[in-house]
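Q: Using the hints, position chain B against chain A.
Heads up: the protein sequence lines correspond to chains A and B, in order. Residue 1 is where the first sequence starts when you use this note's numbering, and the numbers rise one by one after that. Residue 1 is where the second sequence starts when you use this note's numbering, and the numbers rise one by one after that.
Hints may be right or wrong, so weigh each one.
Claimed, not checked - A short list of chain B residues far from chain A (calculated; beta carbon distances all over 10 Å): (1) A129; (2) R258; (3) E267.
Stated by the list, open to error - In silico DSS-like cross-links for lysine-lysine, where the CA-CA straight-line distance does not exceed 30 Å: (4) B:K173 <-> B:K3; (5) A:K249 <-> B:K99; (6) B:K270 <-> A:K24; (7) B:K3 <-> A:K122.
For the record, the hints were derived by calculation from the structure and aren't laboratory data. Predicted model only: the values in this text are computed from it and were never measured. For glycine and all other residues, C-beta sits at the position ideal for the given N, C-alpha and C.
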Amino acid sequence: MSSLEIQDLSVWFGHDENRVDAVKGASFAVPSGASFGLVGESGSGKSTILRAIVGLIPTWSGQIRVDGAPLGKKRPRSFFKDVQMVFQDPYASLHPRHTVDQVLGETLKLHGFKDVDTRIAKLLEDVGLGQPFRFRYPHQLSGGQRQRVAIARALAPEPSVLLLDEPTSALDVSVQAEVLNLLSDLRESRALTYLMVSHNLAVVAHMCDETAVMKDGEIVEVMGVEDMRAMTPAHPYTRHLLDSSLGYKPSDAQSA
Amino acid sequence: MEKLLDIENLRVTFPTRQGEFEAVRGISFNLGRERLGIVGESGSGKSMTGRAILRLIRPPGRVEADRLEMEGRDLLGMSEREMQRVRGEQISMVMQDPKFSLNPVMRVGEQIIEIYRFHTGASKRDAYAKAIEMLQAVSINDPERVMRAYPHEMSGGMGQRIMIAMMLVTEPKVLIADEPTSALDVSVQTQVLSIIDRLVRQRGMGLIFISHDLNLVASFCDRVLIMYAGRIVETCAADQLHQARHPYTRGLLNSLPRLDAPQPRLEALKRDPAWTLAPSVSGRI
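Bound conformation, chain A alone (with noise of 0.2 Å):
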């Protein structure tokens, strides 16, 4: 099991005049096995710190420490090991020329496993695919079945943390269902480590215990699943979002 600590995390794309602050100053703690959520609007910059966790975004100053260790610009081969990604689009995240077996053995073999054939199986079984999904390509998967796979992937190196970035809002609402009970069930088994980013509150609040509230690349707020629940934001801005959230109101109709 693994902690993850921010402390004054900023990351920035481009220089001098072109430069873009798209995270300024973040801070928070993710306490080993607990599941703690980002949520903001696109651009907030939520995305982007887990790109800056995992090593995709050189540019960012400021401390990540994993299990109190802190990262430096090169990450140690054991940090790829520990700390895994699932993206977002399930389309975008497979290679479409391999199959799911190349995909997952690729993984296996990068990271020094030998029963790579038994593994491959065990993580199909525990992902709820099974072996006759091993040979398909991805444009044989629905979209569910692909998540599956991503999650399959960022499972086979038995890492202790994983980063989601929205991983269900290409699904349907049925098939989100299936994968966050296949999240939880996963965390719960390998007592993992979540830090998961949605434009999705109610998501959020069903998968975290904590949540931090982003806007333009800061946090505005850091709150407990409870306080999310009975809907006493401490900030505007969580406020304004939450009730985004409930659906459409015709008096929003007046005021805009």
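A: For chain B alone, coordinates are given in the frame of chain A:
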């Protein structure tokens, strides 16, 4: 109720190597001056229904119906030229993602002016004035600047408002909105919906609102059709949606995580093969 659209036994068929595939399998409904929601999962045929009404299904796909009428005029019997007059002038459609429905190499203004002049034959000056007025109607504060801009300079919410302005500039009687807000953030979503709501009310239009979001449809529409595997399995008043009885509708509602009612596990939808076989429920009133 005054009928704008009247549809009976609509079918959309695509030939495939495994035989014919019916995306829409004989559905009937009508539309008055109301907000009608169509909900269902991906692949349930809801978007195909919207496209079929405008005859936007390309061969080898086929659209068949016992009746497909707009104010008593048969749409299926029309020539392509007559159909062009219907599209945009009588019935307009707003699609999901403005990134793919606006022309990327044409300025926003030109696109709105083009559609207006095509349908009304107005002068350039009148069309320009009308376009400005329409952009103001969708709450765009600086219409002159937006008219000169290219679509990539606009945010998603702006793009979708431009689409709505473009689709309503000819004052159609029916608007088909296919997931108009799914690509937008929640707060922008509310704005765009309120714009659609206000314009539809003011102009007394009929709206077909296609969405996968049950809560949104329940709060936004007057009446709802629930589609499954190309058929309508249930119809109800939108405010009664939460009391829906069909196990499919119930399953969809229960699979949603809820802010106010925590549950340890979400209910996964168990599909009954009988749902696919059951005959379509009529949405005609």
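Q: If a hint holds in the structure, say so; if it does not, say that too.
A: Hints and how they fare:
Against the 10 Å criterion, A129 of chain B stays outside the reach of chain A, whose nearest CB is about 23 Å from its own CB. With a closest Cβ-Cβ approach of about 6 Å to chain A, R258 of chain B is found to fall inside the 10 Å limit, against its non-interface label. With a least CB separation of 7 Å from chain A, E267 of chain B falls inside the 10 Å interface cut-off, contrary to its annotation. For a cut-off of 30 Å, the pair hint linking K173 of chain B to K3 of chain B stands: about 11 Å separates their Cα positions.
Between K249 of chain A and K99 of chain B the CA atoms are separated by roughly 27 Å; this keeps the pair inside 30 Å, and the hint holds. Between K270 of chain B and K24 of chain A the CA atoms are separated by roughly 45 Å; this puts the pair beyond 30 Å, and the hint is violated. Pair hint K3 of chain B plus K122 of chain A does not hold up; C-alpha atoms about 58 Å apart against a cutoff of 30 Å.
Checked against the numbered hints given earlier, this structure breaks hints 2, 3, 6 and 7; the rest are met.
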